[in-house]
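Student: Chain by chain, the residues:
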Amino acid sequence: MENPFAQEPRASSSWLWQVITGVGLVLLLGLHFIANHFIAKGGLRDFADVVAYLRSPIILVLEVLFLVVVATHAMLGMRALLLDFGLSERAERRLSQALTAVGVLTVGYGLWLTWVIIH
Amino acid sequence: MSAPRVIVIGAGSTGAATAHDLALRGLRVTVIERGEVASGTTGRNHCLLHSGGRYCITDQESAIECIDENMNLRKIMPDLLELNDGLFVAVTEADLAFKEQFLEGCAACHIPARTIPVKHALEMEPFLNPRTLAAVQVPDGVFEPFRFCLAFLATARLHGAVVRRYNVVSEIVCSGKSVTGVKVKDYRTGKIETLGADLVVNASGPWAGDIAEMAGVKVPVQPTAGVMVTLDCRLNNMVLNRLNKPSDGDIVVPQRATCTIGTTSWKVEDPDLITIPPEHVAKMIDQGEQLLPVVRKIPMRARMAVARPLIVKNAADERNVSRTFECFDHAYDGIDGFVTISGGKTTTARAMAQRVSDMVCNKLGIAAECRTREVPLASYRLFYQGGQR
Amino acid sequence: MTLLDVTLQIFRYKPGEQPHYDTFTVQVEDTAHVIDAIDKVWAEHDHTLTFRRACHHSSCGSCALRINGVEKLPCIARFSEVWDGHSPLRLDPLRNFPIVSDLVVDVSGFFQRMSASTMTITRDAESTLPLSVDDLAAVVQPKAVELPDNLTRFNRFENCIECGICMSACPTMAVDNKFMGPAGLAAIYRACQKTDDPNEKAHLLALANGEHGVWRCHSAFECTEACPQAVDPAGKIMALRREITANRFKKTRRS
Amino acid sequence: MANLEYPKVRRAGRWFDVRRRKLGMWAYALNRITGIGLVVYLYLHLAVLSLLLRGPRSWDSFVSLARAPYFLALDVILLAGILIHGLNGLRVTLTGFDVGVKAQKALFGVLMLVAVVALGAAALMIFGG
Chain E
77 MENPFAQEPR
87 ASSSWLWQVI
97 TGVGLVLLLG
107 LHFIANHFIA
117 KGGLRDFADV
127 VAYLRSPIIL
137 VLEVLFLVVV
147 ATHAMLGMRA
157 LLLDFGLSER
167 AERRLSQALT
177 AVGVLTVGYG
187 LWLTWVIIH
Chain R
796 MSAPRVIVIG
806 AGSTGAATAH
816 DLALRGLRVT
826 VIERGEVASG
836 TTGRNHCLLH
846 SGGRYCITDQ
856 ESAIECIDEN
866 MNLRKIMPDL
876 LELNDGLFVA
886 VTEADLAFKE
896 QFLEGCAACH
906 IPARTIPVKH
916 ALEMEPFLNP
926 RTLAAVQVPD
936 GVFEPFRFCL
946 AFLATARLHG
956 AVVRRYNVVS
966 EIVCSGKSVT
976 GVKVKDYRTG
986 KIETLGADLV
996 VNASGPWAGD
1006 IAEMAGVKVP
1016 VQPTAGVMVT
1026 LDCRLNNMVL
1036 NRLNKPSDGD
1046 IVVPQRATCT
1056 IGTTSWKVED
1066 PDLITIPPEH
1076 VAKMIDQGEQ
1086 LLPVVRKIPM
1096 RARMAVARPL
1106 IVKNAADERN
1116 VSRTFECFDH
1126 AYDGIDGFVT
1136 ISGGKTTTAR
1146 AMAQRVSDMV
1156 CNKLGIAAEC
1166 RTREVPLASY
1176 RLFYQGGQR
Chain B
-14 MTLLDVTLQI
-4 FRYKPGEQPH
6 YDTFTVQVED
16 TAHVIDAIDK
26 VWAEHDHTLT
36 FRRACHHSSC
46 GSCALRINGV
56 EKLPCIARFS
66 EVWDGHSPLR
76 LDPLRNFPIV
86 SDLVVDVSGF
96 FQRMSASTMT
106 ITRDAESTLP
116 LSVDDLAAVV
126 QPKAVELPDN
136 LTRFNRFENC
146 IECGICMSAC
156 PTMAVDNKFM
166 GPAGLAAIYR
176 ACQKTDDPNE
186 KAHLLALANG
196 EHGVWRCHSA
206 FECTEACPQA
216 VDPAGKIMAL
226 RREITANRFK
236 KTRRS
Chain H
33 MANLEYPKVR
43 RAGRWFDVRR
53 RKLGMWAYAL
63 NRITGIGLVV
73 YLYLHLAVLS
83 LLLRGPRSWD
93 SFVSLARAPY
103 FLALDVILLA
113 GILIHGLNGL
123 RVTLTGFDVG
133 VKAQKALFGV
143 LMLVAVVALG
153 AAALMIFGG
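Chains as they are written, first to last, in this note's numbering: chain E, 77 to 195; chain R, 796 to 1184; chain B, -14 to 240; chain H, 33 to 161.
The hints are simulated quantities; they were obtained by calculation from the structure and are not laboratory data.
Glycine residues also receive a C-beta, built at the ideal position from the N, C-alpha and C atoms.
Treat each hint with caution, since some may be false.
[Unchecked claim] The list that follows gives simulated cross-link-like pairs (lysine-lysine, DSS-like), each with its CA atoms no further than 25 Å apart:
1. R:1108 with R:1092
2. R:1062 with R:1040
3. B:-1 with R:986
4. R:1092 with R:1078
5. R:1078 with R:1108
6. R:1013 with R:972
7. B:179 with R:870
8. B:179 with R:980
9. B:179 with H:134
10. R:1158 with R:972
11. B:179 with B:236
12. B:25 with R:1062
13. R:978 with R:1040
14. B:25 with B:-1
15. B:163 with B:235
16. B:163 with B:236
17. R:980 with B:-1
18. R:1078 with B:25
19. R:1040 with R:1108
20. R:978 with B:-1
21. B:163 with H:54
22. H:54 with H:134
[What the hints assert, rightly or not] Partner residues aside, some chain E positions facing chain H, computed with beta carbon under 10 Å:
23. 95
24. 111
25. 192
Could you build the full structure based on these sequences and the hints that come with them?
Tutor: This is how it looks when you write it as structure tokens:
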């Protein structure tokens, strides 16, 4: 008899990435907070502060990395949640594609935003 | 000509095994059961796969049936048995005096039995009464009656049988002096139907009298209840029996992480409603303590009571009526196409099925050999897996 | 012995009819289990009430249902444990299974999941008795067992009685009916432990690693909380996760 | 045969049903609620940052708005969400690698205690500073 539960073993990836990005977020978020509220003298009080802050190369790398990781984690989380609607295999593939697109757009928008602000 | 249709009333061990036997012989079988599979006598069971030791003195016919079937079941349902053997244990001088007779009884019934040094027995069974005087090992085992029935029915289904659960027989339909079918009501849908059959087998255990009455015949079945108590801890590896004549609370059957002490015996009128007498529960603990002194310290997990179908041969104490089974062709009572199989025990269900199936085939003029001794059973899980409800 | 007057509110449903609750009052002993009261309702009031039961001692797993919303085996649930003494006791069928009639659910999906691993229900036992009562060890010191010549080892039934309670309690099962479910995954874990065949093991792990396998678990641990047999399905799911992850890293390192 | 199957959309909402459920179920539901909240916040945050495009004036007026006490309270809620989600995530990660599975309830309790303490400290800093 055909086993209805036999499938390609690939499902662990999304869980593993969720965990990796999750742990990454804990670290990055800590740094994000510290950078935002402690390193920037007196906090980011006005527009000029923000621009100056983002022009620091270390901060820039940190913030971009944070953006990528948070978007990945968020999209994987949304996927886990939306799978609960009992989707068909095709719909599940579509969902993954759509969420990847949303994630890429989010990151793209963030990068563009940063670029505009810096210049 | 298409194969004859047979209706089996009851999906306990007898009905399930009978359905399997008849289906293997090529008959078109329908099983009618008013509840879940094994929801009657079979379900509420010690779960003891008898070696026959229990009956080897008082009822050798039963004992021989037991040891033969014990060996047969090992072949056809190996996955459904806990095969750890059993000990008959003497804890009093009176028990000890019984030992020689017991060994002779076992020999007479070809039950493999051997005396184990008490020290050895206590090592194997650390909770056994330290004052144990003698221990005899026999091939007892443990099974699960529910899955036992499911396996028979799943296999029967593979051979074309239909199992209708939650269907109650409301009428035995007769044409003249011959049974032609049954009227059933489906409790799930409320639908009432008449099912035609060439022959109806009454395998309803302690309810056999009620079903037979619908056809206007009588069967000498006395519903006899017993209480069993299950403890929240497994205290023994092997089945522990009191080395003496059958009596109340003379056995502790281990299963998974529990063990069950049984049983008592009293006659009941209505097998549908049995109240558990508290003094019987207390008695189980008292008696169990004789074999396993820690019994009283263990919390109780469950208690149960159910009626067994005992065949009344003549007026006697219910402990001493035979635990063997009987097959009745009601043609002798003036009703044709209707047979009753009752008595016996789950261990001997396959043999009971063989006997009644022989009778059925004989009556229907079918020459087919019984094959249930050799054909291994399908997985019990298939019963539900098929999706048939 | 005291007698209790218990009111049961029982879920009723027949195909094509509106589901509703029926109320029955029956008298039971204070030491009774819930199954005794259901039995009494059936015997004294309504033979058309359909419910599953067989063994009455937590061995068959057929009677599982929800008592006041919580999954239990009524054969081992005492009134003293589950009843407040005055309000009606509500009985519902298991969740996450199609309902057939009243308290009877269709367990075919559950057994398909159990079969996926081909786990059998008997196993070799530990050489000493498992002690679940703490003070018992102090009473008697169990010694290592020397087995007689013809007996190489004792065997046991698996603890899982396939009652479906974990599947009813599982929040993932509640939303994803393709999920393999706690019992199915626990069975895979047991089958993995029992086999010495590396191919069989790889097959089983691949099964657990599927899109509807261990990764769909949300770590609510409801299955382990509800399991009447201390099978700890959630623990087994986590153990499978570790094994799968470990294998994955081993493979990555090798390649 | 007819049966009582729930429609997909109603099924999908059932993770939210914590009635008569145990601690682990609450942890799961909390994790989801905070997770959804944080995703919403992520996009709000991006939208707010877009104000930077409109030059210093609109940004600076937003910053002064953000210093109002009721806005700071929103910060505390955000922080609560982050702490609950992050620390519970730690529990899910550990148990997922078969670490501390037996102690998952205690683990959750301890982590939530940490969350409460950290939140208290943070609230003091936010309102105090």
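Student: Now, for every hint given, state plainly whether the structure supports it.
Tutor: Against the structure, the hints:
The straight-line distance between the Cα atoms of residue 1108 (chain R) and residue 1092 (chain R) is roughly 41 Å, outside the 25 Å bound, and the hint therefore fails. Proposed proximity of residue 1062 (chain R) and residue 1040 (chain R) is supported: the alpha carbons are some 20 Å apart, at most 25 Å. Distance hint between residue -1 (chain B) and residue 986 (chain R) is fulfilled; the C-alpha atoms sit about 11 Å from each other, no more than 25 Å. For the given pair, residue 1092 (chain R) sits about 15 Å from residue 1078 (chain R) by alpha-carbon distance, which is consistent with the 25 Å threshold.
Only pairs whose Cα atoms come within 25 Å are accepted, and residue 1078 (chain R) paired with residue 1108 (chain R) is rejected, the gap being roughly 28 Å. The straight-line distance between the Cα atoms of residue 1013 (chain R) and residue 972 (chain R) is roughly 15 Å, inside the 25 Å bound, and the hint therefore holds. Restraint check: the Cα-Cα separation between residue 179 (chain B) and residue 870 (chain R) comes to about 22 Å, which is no more than 25 Å; the hinted pair holds. Between residue 179 (chain B) and residue 980 (chain R) the CA atoms are separated by roughly 45 Å; this puts the pair beyond 25 Å, and the hint is violated.
Restraint check: the Cα-Cα separation between residue 179 (chain B) and residue 134 (chain H) comes to about 23 Å, which is no more than 25 Å; the hinted pair holds. Distance check on the hinted pair: residue 1158 (chain R) and residue 972 (chain R) sit about 15 Å apart at the alpha-carbon level, within 25 Å; holds. Using a Cα cut-off of 25 Å, the hinted pair residue 179 (chain B) and residue 236 (chain B) holds, with the two alpha carbons roughly 23 Å apart. For a cut-off of 25 Å, the pair hint linking residue 25 (chain B) to residue 1062 (chain R) stands: about 19 Å separates their Cα positions.
Between residue 978 (chain R) and residue 1040 (chain R), the direct Cα distance comes to roughly 44 Å. Violation of the 25 Å bound is thereby established for this hinted pair. With a C-alpha separation of about 21 Å, the suggested pair residue 25 (chain B) and residue -1 (chain B) falls inside the 25 Å cut-off, and the hint holds. Taken as a hint, the residue 163 (chain B) and residue 235 (chain B) pair is broken in the structure, with Cα atoms around 29 Å apart against an allowance of 25 Å. Using a Cα cut-off of 25 Å, the hinted pair residue 163 (chain B) and residue 236 (chain B) is violated, with the two alpha carbons roughly 28 Å apart.
For a cut-off of 25 Å, the pair hint linking residue 980 (chain R) to residue -1 (chain B) stands: about 14 Å separates their Cα positions. Proposed proximity of residue 1078 (chain R) and residue 25 (chain B) is supported: the alpha carbons are some 24 Å apart, at most 25 Å. Restraint check: the Cα-Cα separation between residue 1040 (chain R) and residue 1108 (chain R) comes to about 20 Å, which is no more than 25 Å; the hinted pair holds. A hinted pair counts as satisfied when its Cα atoms are at most 25 Å apart, and residue 978 (chain R) with residue -1 (chain B) qualifies at roughly 20 Å.
Distance check on the hinted pair: residue 163 (chain B) and residue 54 (chain H) sit about 24 Å apart at the alpha-carbon level, within 25 Å; holds. Between residue 54 (chain H) and residue 134 (chain H) the CA atoms are separated by roughly 15 Å; this keeps the pair inside 25 Å, and the hint holds. The criterion of a C-beta within 10 Å of any C-beta in chain H is met by residue 95 (chain E), whose closest approach is roughly 5 Å, and the hint holds. Residue-level restraint check for residue 111 (chain E) is violated (minimum Cβ-Cβ distance to chain H is 15 Å; threshold 10 Å).
Interface restraint check for residue 192 (chain E): the shortest CB-CB distance to chain H comes to about 6 Å, inside 10 Å, so the restraint holds.
Hint violations for this structure: numbers 1, 5, 8, 13, 15, 16, 24, all remaining hints satisfied.
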